[in-house]
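Peer 1: Residue-level listing of the chains:
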Amino acid sequence: MDSDDSVTDPNPHHPDPSLDAEPATVEQMGSLTLGEAGDAAGAERPVGNGFLPADFYAAAGEIEVVEEGSPVSGDLAGPSSLGGPGACRERSGRGDALPSPSSSGYAGERGSSGGSSEIEEADDRETMLDDWSRGKRHPDEDDGSVSWRKRKKHFFILSNSGKPIYSRYGDEHKLAGFSATLQAIISFVENSGDRLKFIRAGKHQVVFLVKVPIYLVCISCTEEPYEALKRQLELIYGQMLLILTKSVNRCFEKNPKYDMTPLLRGTDAVFSSLIHAFSWFVFSNPKPKALVIWNPATFLNAYTCLPLSYSTRQAASAILQDVADSGVLFALLMCKNKVVSLVGTQKASLHPDDMLLLSNFIMSSESFRTSESFSPICLPRYNPMVFLYAYVHFLDVDTYLTLLTTSSDSFYHLKDCRIRIETVLVKSNVLSEVQRSMLDGGLRVEDLPLESSLRSRSLTTPELSSSQSGIGGPSGLWHFMYRSIYLDQYVSSEFSSPISSSSQQKRLFRAYQRLYASMHDNGTGPHKTQFRRDEDFVLLCWITQDFELYAAFDPLSDKALAIKTCNRVCQWVRDLENEIFLFGASPFSW
Amino acid sequence: MGLPAMAANEGIQLCVFDSRRGHQEGQELDKILFFFPSDFPYSVQLSVVGLSEGIITFTRIFSPDAACEVIEEERHSHVFYQAEPDIWMVMIVEKNKDNESDWRCDALIDVLKEAHSLFTMFNGSLQALLDKQPSGELARSRLYTFINDYLSDFYVGKKIQVPSFRDCLKERRTVQMLTVSREVAIEVQSLATVIGTSSLGSIACKSLILFQDLLVATTLSPGDTANMFTYAVLRLTPHALSSNTSSWSYLRRGVSGSSITASSGLLNSRSSPEEYHHGSHDSSMGEQSNRYHMPRPLQRDNWSKGKDGFLVCDIQLNVGGLVYLAPVVWLQQSEEHMYLCIYQHRSLTIIILIPVCSQTDGEQGIALVKKQLLENASEKIVHVEEKLSRGWGGENAYHVSGYRYLLVDTDKSISRTSPPGKVMTLAKDSLFTLNKLREEVDLEKTRANREKPDQEKNLEICIRAKNNSWIIAKITQGRELYMVLEKANETLLYASDAVEKFSDRYCDGAFSLD
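Residue numbers (the working numbering), protein chains in the order written: chain A, 1 to 590; chain B, 591 to 1104.
Careful, some of the hints might be misleading.
Claimed, not checked - Going by beta-carbon spacing under 7 Å, a handful of chain A positions derived as facing chain B:
1. Glu190
2. Asp194
3. Arg195
4. Lys197
5. Ile199
6. His204
7. Glu223
8. Pro296
9. Asp521
10. Thr529
11. Phe531
12. Ala560
These are calculated hints, taken from the structure and not from any lab test. Yeah, the Cβ is synthetic: ideal placement off N, Cα and C, and Gly gets one too.
Can you make the complete structure from the sequences, with help from the hints?
Peer 2: Have a look at this one:
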């Protein structure tokens, strides 16, 4: 097991320098550069820096290495400086706000800031600290700790030789023995020609995902369905690819014992925020107000849009389209995890998973907020083998523009594009509309029109009926999610008062997860409708060729009324579709 | 786990091991008390046990109170049952490519539970056998014959077929009752009373009365009733005795009548001891079987009907100078050993259990009980049988037109189902979906038990499947109803209406909500 020290060793794993002499296959990757520590201005190919093995370069083209411990100050004024656009900044993590907006690589001290920055899932205990995103959770724990064993949900990434790569809790290196055990179990079954799916023991479930040479494991007592946990592992794998691309596999081909942890150094925050999105989760921001992370995208396979008037969204789309025509692969304007507008070049479309992973990556990395950035990222559903380049700029505290390109040297072009876009957005009041929409929130079940004559209600005019809060919507409707299959988009209502308590919301999230898994059974699904009543809810699900509706009602609701209400919800959503959905983005179709 | 060495072999492995044994290197085989198929190389057997033990240990890291229950692989399912504190039963089932091999893990675990409780009924606990004879040979030889005899019922053709999604409208380890009119019920009751008192002095016998393959009356606890009922339907009832007759009872495991016939023939040939002992784990097993008396209550054709109407068991042999009169069973509830004495009149099977302790002279005592029964009760028996036969609706007596259902009373271990012949008319997809739904409900039930152990679970799920059938599960007041409605109207209200009607009519309204 390698200690942290080995990371700074220039060449711990590749004693044979000739490996590095392999010509880069630029055609695949364009160029990706790794800025060498303390050598920000050095433009030479990194030789034996130990950060990525030779094969990784071969796959990735040129990679600019950013080493731990030395913020690289390639500033914008000197585009030739290799520390500039193109560094794998988030790889080295979180960190202090950098003085220069252009500085691209910097150090994050691994785990050292963790002490003050942990947060428990509400399940675990009630401690909620202000920012989970900065460090490793409980780095002092290992598999011998009682507290570690009692964690509700573990995630592990390891190599097929048993090297730990990531663990949600505890220090990876301390978990080497545990990791070897996992590897032994998985490999035993692999060697017999089979593949492990899951192990169940009481309320614990151990779910495996094998992506040779990477193994992913989730150990959970949250009683989520297997399909849900497996999908979470798929997303974690996708998040890893987003940071590294699949070419990391070559490292293992060359050296099965390869230690990958340095490659993911500093990305704890990215994974932990993704993991939080899997569960119902509360954290308190610096403000005491509790926020709920409720991200059904993690199981719905769809993204959601910020509600906006049609003309506002059109204005945003028009300017994005403008830049897309100038060599931008995707232009994406988002507010938190909600899409304001998305434009892709011809034929290219963005998979909802890629959007989820990309927005998670951006939002969980503090540095994106403090500077405009140009970062290599991979969209695993688009092409898991190559890096794209993401120009990211936060227009306000929650709203950010992402421009994706294949070319590593278009930072200045994209910066210009962003300036143009920002100007238009400000001038056409799009940004203020976005902020207003965030404040207004989304659909409220209380506003569900009673009569079809009220259909033309616009989102921006408050409804009278919202005054009847306290009982939810008509016929005991508490909540709904509507997914447009053609658009790959969903809309989810705000929580009505009967489910304002966090434990109710958590129950609802879990119930939806189970309902989704039940409806989308691999063998015979998807089913057409499902009605489900237990002590907590009445749930109704309705799947057609065009949409999926998931609705939650008071458990005592009348069946006939609930069905009627679902029909009305569908009508309502269709009436509002211009405001709650984004049209024109080509649906994901390959 | 796909075992490389067994690719072409049986699609099932069943293993019983004792986690306290065989800890020393080189002694690992001592762990294994039973392994099916017995001709598997030791190395493979050890690797199965090794993986199982490894996973049990591993899962205990996180879940100290509930160790591994299921390992699901792409091509195999492993189910675990901790039969006794240190005794584990593990079954590994291979998934076929023909898409027929979708099962419910709880249904597989029920097979292990049933095997173990039947074993215990005739042999006592494995722990007791191991205590009696620490080398484990006694336990091994008992398990060997018993489980192989038990598995013989799962053969369809040459292959063992475990319960699959096609069996999702059945519930193992429950009793099927015959519904009788009040008048008949009183007569049955009085017959049971006569049997109970017709014994020796003050010691009361217990009894089960079956008509065809259905239970009519019992004086045993629900658990013991379920075990004894299972055994009776497997080996004692007229259907079981004439194993060539095709049976409608679900306890005959075959898929259809014809395959049962085919498999029965095969089973008979299989039950020859030579074949069982071939390739046995312990090469001295043959001798062992002579040294230790090995009753084989589950051996086919063990029972036959004597002229006096009592069933005779081949076990009643003179072994080593001891005369074994009748098989002895162990009742879990009352913790008593009982002699088994079975009387059969046409479709009526009466199982009398005589406490062993009461018999200073077993043979005489049993003879006395038999005599008393014939003297005191034979008229009643004939009378009751006639009445029951007259009221008997035949195989499809419990068919409800338009419905395919399973009704389980979990508290009483009773179930009622649509006749298997009717269930067979359902589309594969409907059964498939119901099987999945039951799997989901199984998980919901265990979760509810964990979270709110003292609260009754209430749950209702109606699914409109892709093939337009309605798949319904409803749990309330300790009862479970599973239902498939094909060719039904598309509205949910229609489906719930249909459930209400069924519930009102057949379940005393237990599943009616309003």
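Peer 1: Each of the hints needs a verdict: does it hold here or not?
Peer 2: Here is what the structure says about each hint:
Because the smallest distance between the Cβ of Glu190/A and any Cβ of chain B comes to about 10 Å, over 7 Å, the interface hint for this residue is violated. Restraint check, Asp194/A versus chain B: the minimum CB separation of about 4 Å is within 7 Å; hint holds. The interface hint given for Arg195/A is met, as the beta carbon of that residue sits about 5 Å from the closest beta carbon of chain B, less than 7 Å. For Lys197/A, the interface hint holds, the least distance from its beta-carbon to any beta-carbon of chain B being 4 Å, beneath 7 Å.
For the restraint placing Ile199/A at the interface with chain B, the shortest Cβ-Cβ distance is roughly 5 Å, inside the 7 Å limit, so the hint holds. About 4 Å separates the beta-carbon of His204/A from the nearest beta-carbon of chain B, less than 7 Å, and the hint is met. Contact between Glu223/A and chain B, as hinted, is supported at the beta carbon level, the nearest pair being about 6 Å apart and thus within 7 Å. For Pro296/A, the interface hint is violated, the least distance from its beta-carbon to any beta-carbon of chain B being 20 Å, above 7 Å.
Hint status for Asp521/A relative to chain B: holds, with the closest Cβ pair at about 5 Å, below 7 Å. The interface hint given for Thr529/A holds, since its Cβ lies 4 Å from the closest Cβ of chain B, which is under the 7 Å cut-off. Annotation: Phe531/A was flagged as interfacial toward chain B, and the flag holds, the nearest CB pair being 4 Å apart, inside 7 Å. Proximity of Ala560/A to chain B holds as hinted, the smallest CB-CB distance being about 6 Å (cut-off 7 Å).
Of the numbered hints listed earlier, those contradicted by the structure are 1 and 8.
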